[in-house]
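Chains as they are written, first to last, in this note's numbering: chain D, 11 to 325; chain R, 61 to 381; chain W, 92 to 570.
Mixed in with the good hints, there may be bad ones.
As the list claims (entries may be wrong) - Not the full set, but computed from the structure, chain W residues with beta-carbon under 10 Å of chain R:
| no. | residue |
| --- | --- |
| 1 | I465 |
| 2 | K475 |
| 3 | A502 |
Unchecked claim - Between beta-carbon pairs, the in silico distance windows are:
| no. | chain 1 | residue 1 | chain 2 | residue 2 | range |
| --- | --- | --- | --- | --- | --- |
| 4 | W | S441 | R | S93 | 49 to 57 Å |
| 5 | D | S270 | R | I140 | 52 to 60 Å |
| 6 | R | K78 | W | N408 | 23 to 31 Å |
Hints were generated in silico from the structure; no laboratory data involved. Backbone N, C-alpha and C fix where the C-beta goes; we use that ideal spot for every residue, glycine too.
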Amino acid sequence: MLLEVSNLRLYFKTLRGDVKAVDGVSFSLDKGKTLGIVGESGCGKSSTANAIVRNLPRNVSRYEGRICLEDMDLIPLSEDEFRSKIRWRRISMVFQGAMNSLNPVLKVGFQVAEPLIIHKGLSRGEALKIVEELFRLVGLSSEIVNRYPHELSGGMKQRAIIAMALTLNPDILILDEPTSALDVSIQAQIMNLLKNLKRKLGISMIFITHDIALASDICDEFGVMYAGELVELGSAEKILPSPKHPYTQKLLSSIPRLHSDKTPEFIPGAPPDLVAPPSGCRFHPRCPYVMDKCSRENPPNTLVNGGFVKCWLYK
Amino acid sequence: MEPILELIDIKTYFSVRKGLFKTLTVKAVDGISMTISRGEVVAVVGESGSGKTTLGRTAIKLIEPTSGKIVFKGSDITNIKGDIKWIRKEAQIIFQDPFSSLNPYMTIKQILEEPLIIHGVEDVSEREEIILRALNNVRLSPPEDFILKFPHMLSGGQRQRVCIARALVLNPSFIVADEPVSMIDASSRAEILLLFRELQEKYSIGMMYITHDIATAKYFSHNISVMYLGKIVEYGPTKEVLKNPFHPYTATLINAIPDPDPENRFRERSIVPGEPPSPINPPTGCRFHPRCPQIIDGKCSLSEPISREVDLKHFVACHLY
Amino acid sequence: MSFIRESFSEFWASNISKIGILFLAILVAVSIYTVTTLPLDFGVRYWYNPVYWVDYPKSAQPEWINIFLSEKLMSHVELSISKASGIKPYNNRFIKYYNVSYNHECNQFPKFITLRISDLLFYRRDSPPIVRFYVTRPDGRTIELYTLAIETISSNATPPFRYFSMEPKRILLSGDIYLARSLVSFLYREFNISLGTSGVLEVGSEKIIFGSIGGDNTFTPLIGRYVFSAVLICSDVNDGIGMFNVVLGGYVYGLMGTDVLGRDLFQGLLFGFPIALIIGVGVSLLTTFIGAGLGIVSGYIGGRVDDFIQRFADTINNIPLLPLLILLSFIFGGRLWLIIFVLVFFNWPSLTIIVRSMVLSAKASQFIEAAVAIGASRLRIMVKHIFPQVAPFVFAQMIFFTPYAILAESALSFLGLGDVTMPTWGQILEYGFKNGAVFLGYWWWILPPGLFIVYSAVTFVFIALGMEPVVNPRLRRWK
Ligand SMILES: Nc1ncnc2c1ncn2[C@@H]1O[C@H](COP(=O)(O)OP(=O)(O)OP(=O)(O)O)[C@@H](O)[C@H]1O
Ligand SMILES: Nc1ncnc2c1ncn2[C@@H]1O[C@H](COP(=O)(O)OP(=O)(O)OP(=O)(O)O)[C@@H](O)[C@H]1O
Ligand code: SF4
Ligand SMILES: [Mg+2]
Ligand SMILES: [Mg+2]
């Protein structure tokens, strides 16, 4: 087991109260596997990823749980230790919208080389050599290192960002919505690239997206998030054809499908407020199978099919 | 079916200044013809920058076309300047971004009232009635709860419903819907689209449904036009085109979207290489030729294919046919 | 309109706007009070007329300062009487007494003593009256202060003859040589002290009149009742004095003290209220109206209109203000309307340029295009859709222009370009600086105008803050 996260919590302080963005999330990730974390916008996907790489904003009011990387608990590490040993070296991340955060006045190559210069103390020339190699790996020609961000298309920028995340040969790569700003054809190119990397480098990934169909392109396992909680976890083979949790079922049937004739469904009602989430099962106000118990008691994680489901229907 | 909008060889070019003296021409829409009838939904799909939005805005004269002819409800509106108000009443547009297309300083009531005021519905109670009906139509109920709210108090889906309500209060006969659900959470997209479809059928509205998501077009449109770099490369009944795409570009677009399937990860996706070229200097011949997997050497890069009816009402502009 | 009512209730909901409105109400009330009580030509007639202020104490602190002092300072005193207190025949002539009394209680001497008579009236051309002035001290001793003889009338004007009606006859006793002589004999007669006139002048007449003499010829203030009398010796029973005044110069005066010319700062500062309101509100309203209006038109309409407005604005922005102002005030003289005009004329361009750029970005918002798509006219779009986007900024500018205008006016006053016909806070402040009020510690001269300027600024800032949720719905209370 490469990474094991248990009972992870991340709350943000706001004027209205604490936003429970991540509320008791547990999962594990094996070497060479890819875990997809899917769910509606605002359900806490990015926050979960940020909690793992400890990329925290200032207004965090609660941050706890266990994050074990090969038996080393990361939570007790000091900020310095975490930065020098874990972040980018062991776990790196492609942030949501990162391609728009490239510094417009610096050459792309240099920006990608920066982690090498900082973490490994390489000279600029050495670092740029490695970057050229990485660029080839992600399908960019090596002359791109000398370009400025505005001279690249969206797809090229995203490739460069992925190269940057790979500079230090991490064990785990977290990708937060890496393709959502791109056109479908470019999206397909990036997905092929990720598949290649997965195969060639044997790297483990956490792939965060709201688009299950896209995730099915690369993920071996799925974690479905709803309102800060993981409501279902299981292998792609189990979840995609026969989702157990009512939310997962709804989510899957809301996807318009090109190759079948089923009309997409939708989930009625509004997404929950994470400051004051619904009592009991957080999905109960929108759930078609809601029972009395659901609004009163929070369902436990029930083992089903080698994964778990957080729903009273399966208890 | 009576045609409500006819576009005949529409070209819309923008000139952009580059440096001090150079101006470049962006051929955003470059010779498009299209007919939309009452009650018909035509989807316009294509990648970013292919000119979908420009086409939609040109169709209802938010932008003046560079050349071509626009016939709306039987009258040529290409060159009219002054008397445009009836077009503004008959043709509406819904924008992609429900967050920026509502004035943040106005209440929902004021937003919905505005078209009525502009188009001379003077009676206050009549206006109120129309607004409440419109809100009910888009299922923002009870409407009384919403009329005094400001846009920032609503979720994205609710805002987009307000946009739809605004487009509907004047009983238009034609609507351009520019990616109306792309900024809405996937789980409620279907809801908005179904609502849209229901209202469109109920009032028998002609619609241009612009999207980059071919899958939603499938459920929502009768006919589909696939755009590439300012041109329509394929046009036909939606089901037909999706089942049996002729143009290589359409085929790759369709292939690029997977259905959720655990087998996906063991397959490479078939992709179009490269990125769409710039509409400033479009490739010669068939504009798709530099990326086309089935390019015919010595032909595609030289002569521009013209649109042919290959199957019943199914047109394609490609040298393969 | 319900919109206005709603906006107002929104505005009224915050405490800060209540305070702002309270401050503004005070500002307006004081202005109205001032305009109705002081003459509109107060500036020319009084403030800038030094003669009017001669009998006021110079650089006197406010009177209420005594509350905090153990050793009280002498208040400024002006005594007056207009009716004879007694009449007595005297050798086929008459004597009329005009007595005023004053209780001296503090341990100081007056700064100066002035006698004043106005409206002297007589009938006999050949025998005009004589006025003698005396003071009777608490110790019962009397000093002759002054004798005023009127010349016989040689012209053929007809009686009654009137003297000192336009301007009172003013007799400044301090340093008067006639009085000094009288005091020499008084000292010799009563106390057997011989002091020459120069000695008397050296000690100071006030000290001798108001002092009891100590061992080594030092004077200490004599506490008690003083009676000043003007004695009119006349030939006709109808002859008389319209008004007799005695002014005893004090060390504290009025509510706000006086400046170096003796001007009552209370009146001057009071008059500053309506003027500040006019300058501040006038300039800011006009500037923001013109600046925002042109900015919106320029940004939204674009094209040639835009080019024209921007060129014009740039041009004005680059005209050096000062030489032009000097030229203008040379031509027209420093005038309030000129100052307002100039401040507006030179300030709208910067606002226009900023508003235009804001409009350009607002114009790109989709809801503007949505408004076009439903057929809204240009005017409607500018008023209903564009203006609210820039309104918070424009309001903020308006608020900032208000104190700016008041300050700019005082800066102009400092350069001698202010309106010389009316006092303003700026002018009072600047005059204070010029006369070393800071250096000399004349706080009552510097602080109030400064505080009033701050007060007026704060008023508008509070209103702006209260206004914020009205123009920016994001800050509205959740309904
Ligand atoms: N710094 C913060 N302070 C307060 N609330 C925050 C903060 N960051 C995120 N949130 C809130 O936490 C919740 C989860 O946010 P998060 O970004 O993890 O969602 P997400 O699932 O990644 O959504 P998306 O798909 O839109 O990226 C949201 O309601 C968000 O508003
Ligand atoms: N006002 C304008 N001035 C200059 N160029 C423009 C203007 N509007 C659009 N374009 C250019 O015209 C081309 C087509 O733009 P358009 O917005 O119509 O594309 P689209 O298909 O709607 O793309 P998207 O899916 O990103 O919305 C683009 O290259 C764009 O940069
Ligand atoms: S626990 Fe109840 S409410 Fe929640 S998903 Fe299961 S059935 Fe629905
Ligand atoms: Mg996110
Ligand atoms: Mg578009």
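Please flag the earlier hints that this structure goes against, numbers listed from lowest up. 3 and 5
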